[in-house]
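**Student:** Work the whole structure out from these sequences, hints included.
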Amino acid sequence: MSKKDGITWLYGELPELVRSRVLDEATAERLRTHYGPAQQRRRSPGLVICGALGALLVGLGIILLLAHNWTDLSRPQRTLLSFAPLLLGQAVAGWCWLKHRSSIAWCEGAATFLFLAVGASIALVGQTYHIAGDLPRFVLVWMLLGLPLVYLLRSSLPALLYWIGVTCWCVLGAIDRLPAVFFCMLAALPLPFWWHLVRNAQRRLAAAWLAWVLSLCLVVGLGFSCYGFFGNFWTPLYLSLAAIYVLLFGQLSVASAVSRPFRLLGSWGTVALLLLLTLKDVWRGQAFHPLLEPGMEAWPQYLLLTVLLLAVIGLLARALAAGRWLDALFGLAPPLVILQLLAGPQRLATGISLILANLYLLLLGGLVLRDGLQSGKLPRINAGLGILSALIAVRFFDSQLPFTVRGVMFILIGLAFLGVNLLVKRREVCA
Amino acid sequence: MSRLLGLALAILFLLQLAVPASMIVGREMTLRHGKHFRFRTAPVDPYDPFRGRFVALNLAASRVAHPEGMKLTIRQKVYALLAIDEEGFAYFRDLVAQPPPTGDYLAARVSWWNQETVDLKLPFDRYYAEEDLAPEIERAYRAHSRRDNQEAYITVRVRNGNGVLEELYIEDLPVGEYLRRQAGKGEVSD
Chain U
16 MSKKDGITWL YGELPELVRS RVLDEATAER LRTHYGPAQQ RRRSPGLVIC GALGALLVGL
76 GIILLLAHNW TDLSRPQRTL LSFAPLLLGQ AVAGWCWLKH RSSIAWCEGA ATFLFLAVGA
136 SIALVGQTYH IAGDLPRFVL VWMLLGLPLV YLLRSSLPAL LYWIGVTCWC VLGAIDRLPA
196 VFFCMLAALP LPFWWHLVRN AQRRLAAAWL AWVLSLCLVV GLGFSCYGFF GNFWTPLYLS
256 LAAIYVLLFG QLSVASAVSR PFRLLGSWGT VALLLLLTLK DVWRGQAFHP LLEPGMEAWP
316 QYLLLTVLLL AVIGLLARAL AAGRWLDALF GLAPPLVILQ LLAGPQRLAT GISLILANLY
376 LLLLGGLVLR DGLQSGKLPR INAGLGILSA LIAVRFFDSQ LPFTVRGVMF ILIGLAFLGV
436 NLLVKRREVC A
Chain X
11 MSRLLGLALA ILFLLQLAVP ASMIVGREMT LRHGKHFRFR TAPVDPYDPF RGRFVALNLA
71 ASRVAHPEGM KLTIRQKVYA LLAIDEEGFA YFRDLVAQPP PTGDYLAARV SWWNQETVDL
131 KLPFDRYYAE EDLAPEIERA YRAHSRRDNQ EAYITVRVRN GNGVLEELYI EDLPVGEYLR
191 RQAGKGEVSD
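Protein chains in written order, with the working numbering: chain U, 16 to 446; chain X, 11 to 200.
Do not take every clue at face value.
Said to hold, decoys possible - Simulated crosslink set (SDA-like; lysine to any residue; CA at most 25 Å straight-line):
(1) X:Lys45 / U:Gly148
(2) X:Lys131 / U:Ala223
(3) X:Lys87 / U:Pro315
(4) U:Lys114 / X:Lys131
(5) X:Lys81 / U:Gly243
(6) U:Lys114 / X:Ser12
(7) X:Lys87 / U:Ser89
(8) U:Lys440 / U:Asn397
(9) X:Lys45 / U:Arg90
(10) X:Lys81 / U:Pro194
(11) X:Lys131 / U:Lys392
(12) U:Lys392 / U:Leu159
(13) X:Lys195 / X:Lys131
(14) U:Lys114 / X:Gly16
(15) X:Lys131 / X:Ala117
(16) X:Lys87 / U:Ala313
(17) X:Lys45 / U:Ser89
(18) X:Lys87 / U:Ala223
(19) X:Lys131 / U:Val156
(20) X:Lys81 / U:Pro309
Claimed, not checked - Here chain X is said to cover these stretches of chain U; the calculated rule only asks that three of the stretch's residues, wherever they fall, bring their Cβ under 8 Å from a Cβ of chain X:
(21) 153-167
(22) 423-434
Hint data in this document are derived by calculation from the structure and do not stem from the laboratory. Bear in mind the structure is a predicted one, so any value in this text is a computation, not a measurement. All residues carry an ideal CB built from backbone N, CA and C; glycine is no exception.
**Tutor:** This is how it looks when you write it as structure tokens:
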């Protein structure tokens with residue numbers, strides 16, 4: 016018996032020993048203080064991962080086996096076979112719910128297998144009856160039939176598969192001219208489950224994986240939700256999403272593993288978009304696709320943009336009130352760009368927009384660098400240098416500016432860099 | 011709470027079973043009681059990762075004359091009125107916006123149109139075949155879908171506007187039977 020097991024055993028015996036007066040309550044309490052709290056048996060994440068991955072592989076294997084399309088089987092046999100994976104998955108899920116509801120490994124495995132079995136069954140019926148290809152509808156029905164498993168069996172892998180699935184639906188549906196703007200509502204369905212994991216700091220690995228998948232799926236889905244009007248909306252939409260990622264997950268007190276994907280995507284997304292906005296051709300393109308051009312036909316897209324923008328403004332106000340200046344700078348970009356777009360090249364010359372975008376990035380990079388130097392955080396120093404280097408690289412290859420202007424600009428920025436370095440060094444020597 | 015969750019799980023299981031079941035019932039009814047039609051085809055061979063290999067069907071009948079004054083939108087549901095030509099193959103004689111009270115018709119969706127013609131997305135656009143057989147079927151079809159040698163067609167059952175593909179034929183033989191005979195001929199000549 017290990018020491019940990021021995022302590023657990025002893026604590027189990029103490030009430031009986033006190034009751035039979037072998038020990039008094041004070042001695043029992045002293046024993047508890049001496050040995051400290053009994054360590055609870057740690058759940059092995061390896062077991063959960065193996066269970067979920069095993070079910071995923073078996074489910075995918077069944078899909079591939081059925082996809083072979085066995086010609087020798089008659090139609091009634093194939094019809095019966097269509098239900099086999101589904102019934103097997105339901106039996107395993109039902110048994111797991113009755114007997115092993117508290118086991119994460121069992122629930123993850125059973126729910127994942129059933130999730131895939133639903134898709135396999137529908138696909139096999141489609142194959143048997145040569146049903147016309149309607150991949151978006153097939154994916155949507157599959158995802159909606161699998162989603163309740165996330166809540167009923169409290170399993171995270173089906174949530175992850177669901178988010179990937181609805182993003183596929185959004186991409187396929189947008190190309191097929193389906194109302195892909197409903198992606199946001201579909202993507203929101205597993206959010207309460209994920210938020211419960213994040214809030215209660217449960218299953219941190221699963222919560223972090225879900226955070227990565229959600230943050231990426233939202234990026235893809237948002238673009239395809241506005242597929243037909245993308246030319247008009249891409250800058251404000253993506254800047255707003257990036258700002259929400261940075262501001263919201265800077266203000267929420269959640270595990271860093273959960274906030275990291277959102278903060279990373281949000282901050283680097285903002286930088287990448289602003290870098291694009293320092294190019295003349297991009298502003299010219301925006302002039303061809305004015306924000307107000309789509310009219311009433313695009314009301315869902317306008318609604319989406321309004322909701323995102325209001326969220327950005329609300330979060331920006333909170334960030335300013337809390338004195339989070341650096342985060343606030345990320346949040347300022349979407350409203351400013353929308354104002355620039357609404358003003359148009361007639362009221363605000365493209366040259367001024369370009370200078371403003373350059374200055375904005377310069378300020379952002381400089382402030383991130385300064386923040387990194389003050390706090391001594393190397394990743395932040397690198398991020399600041401990265402932003403400035405990216406801006407410099409884009410300008411170096413910018414064929415819109417004459418060589419002489421670029422040359423003078425580079426010498427000035429280089430001198431500024433050297434000056435800052437000297438200043439920092441001198442300050443260090445003085446200290 | 012536990013009972014309620016159990017009930018929810020049971021309802022979910024029933025729903026999961028109901029979706030494939032409803033797909034099967036509707037198509038079985040059409041296959042058993044539907045009227046028989048033949049359509050000329052022109053397949054290629056793509057790959058569907060979920061449902062295995064299939065031969066994509068491009069039906070000559072899917073292009074219909076644009077009815078005068080009919081306003082269309084993309085993916086709009088329309089009803090194609092069925093008729094038989096002198097060679098016994100089906101074609102669409104007209105398009106209407108509402109299901110007709112009499113006569114045979116097929117529900118379809120508009121995929122593209124211009125002033126003269128409308129392209130329809132029909133409920134049968136693919137023939138699923140065993141993984142190894144699909145390329146052979148495609149080769150056989152290509153050999154029988156030239157202008158001078160059009161001997162490939164599909165049979166379809168139609169009932170209440172729903173159409174279900176029954177079989178792909180080459181030289182008046184079901185494609186499986188045709189491939190078996192070809193393989194037999196190959197062995198004899200070897």
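**Student:** A separate judgement is required for each hint: does it hold in the structure or not?
**Tutor:** Hints, verified against the model:
Distance restraint check for Lys45 (chain X) and Gly148 (chain U): the Cα-Cα separation of roughly 23 Å lies within the 25 Å cut-off, and the hinted pair is therefore satisfied. Taken as a hint, the Lys131 (chain X) and Ala223 (chain U) pair is broken in the structure, with Cα atoms around 43 Å apart against an allowance of 25 Å. Pair hint Lys87 (chain X) plus Pro315 (chain U) holds up; C-alpha atoms about 23 Å apart against a cutoff of 25 Å. A distance of roughly 48 Å separates the Cα atoms of Lys114 (chain U) and Lys131 (chain X); the hinted pair therefore is violated under the 25 Å criterion.
Between Lys81 (chain X) and Gly243 (chain U) the alpha-carbon distance is near 22 Å, which keeps this suggested pair within the 25 Å criterion. At roughly 13 Å between alpha-carbon atoms, Lys114 (chain U) and Ser12 (chain X) fall within 25 Å of each other, so this suggested pair holds. Restraint check: the Cα-Cα separation between Lys87 (chain X) and Ser89 (chain U) comes to about 33 Å, which exceeds 25 Å; the hinted pair is violated. Only pairs whose Cα atoms come within 25 Å are accepted, and Lys440 (chain U) paired with Asn397 (chain U) is accepted, the gap being roughly 18 Å.
Restraint check: the Cα-Cα separation between Lys45 (chain X) and Arg90 (chain U) comes to about 19 Å, which is no more than 25 Å; the hinted pair holds. Annotation: proposed proximity of Lys81 (chain X) to Pro194 (chain U) holds, straight-line Cα distance about 21 Å (limit 25 Å). Between the alpha carbons of Lys131 (chain X) and Lys392 (chain U) the distance comes to roughly 59 Å, so the proposed pair goes past 25 Å and is violated. Proximity of Lys392 (chain U) to Leu159 (chain U) is assessed by CA-CA distance (about 44 Å); at most 25 Å being required, the pair is judged violated.
Of the supplied pair hints, the one linking Lys195 (chain X) and Lys131 (chain X) is violated, its CA atoms being roughly 38 Å apart against a limit of 25 Å. As the CA atoms of Lys114 (chain U) and Gly16 (chain X) are separated by approximately 12 Å, the hinted pair is consistent with the 25 Å bound. At most 25 Å may separate the alpha-carbon atoms for a hinted pair to count; Lys131 (chain X) and Ala117 (chain X) meet this at roughly 9 Å. Distance restraint check for Lys87 (chain X) and Ala313 (chain U): the Cα-Cα separation of roughly 23 Å lies within the 25 Å cut-off, and the hinted pair is therefore satisfied.
As the CA atoms of Lys45 (chain X) and Ser89 (chain U) are separated by approximately 22 Å, the hinted pair is consistent with the 25 Å bound. For the suggested pair Lys87 (chain X) and Ala223 (chain U), the alpha carbons sit about 44 Å apart, so the restraint of at most 25 Å is broken. A C-alpha spacing of about 20 Å is found between Lys131 (chain X) and Val156 (chain U), which places the hinted pair at or below 25 Å, so the restraint holds. Between Lys81 (chain X) and Pro309 (chain U) the CA atoms are separated by roughly 22 Å; this keeps the pair inside 25 Å, and the hint holds.
With 6 residues having a beta carbon nearer than 8 Å to a beta carbon of chain X, the stretch 153-167 of chain U meets the requirement of three or more and the stated coverage holds. Against chain X, the stretch 423-434 of chain U contributes 0 residues with a C-beta closer than 8 Å to a partner C-beta. That does not satisfy the three-residue criterion, and the hint is violated.
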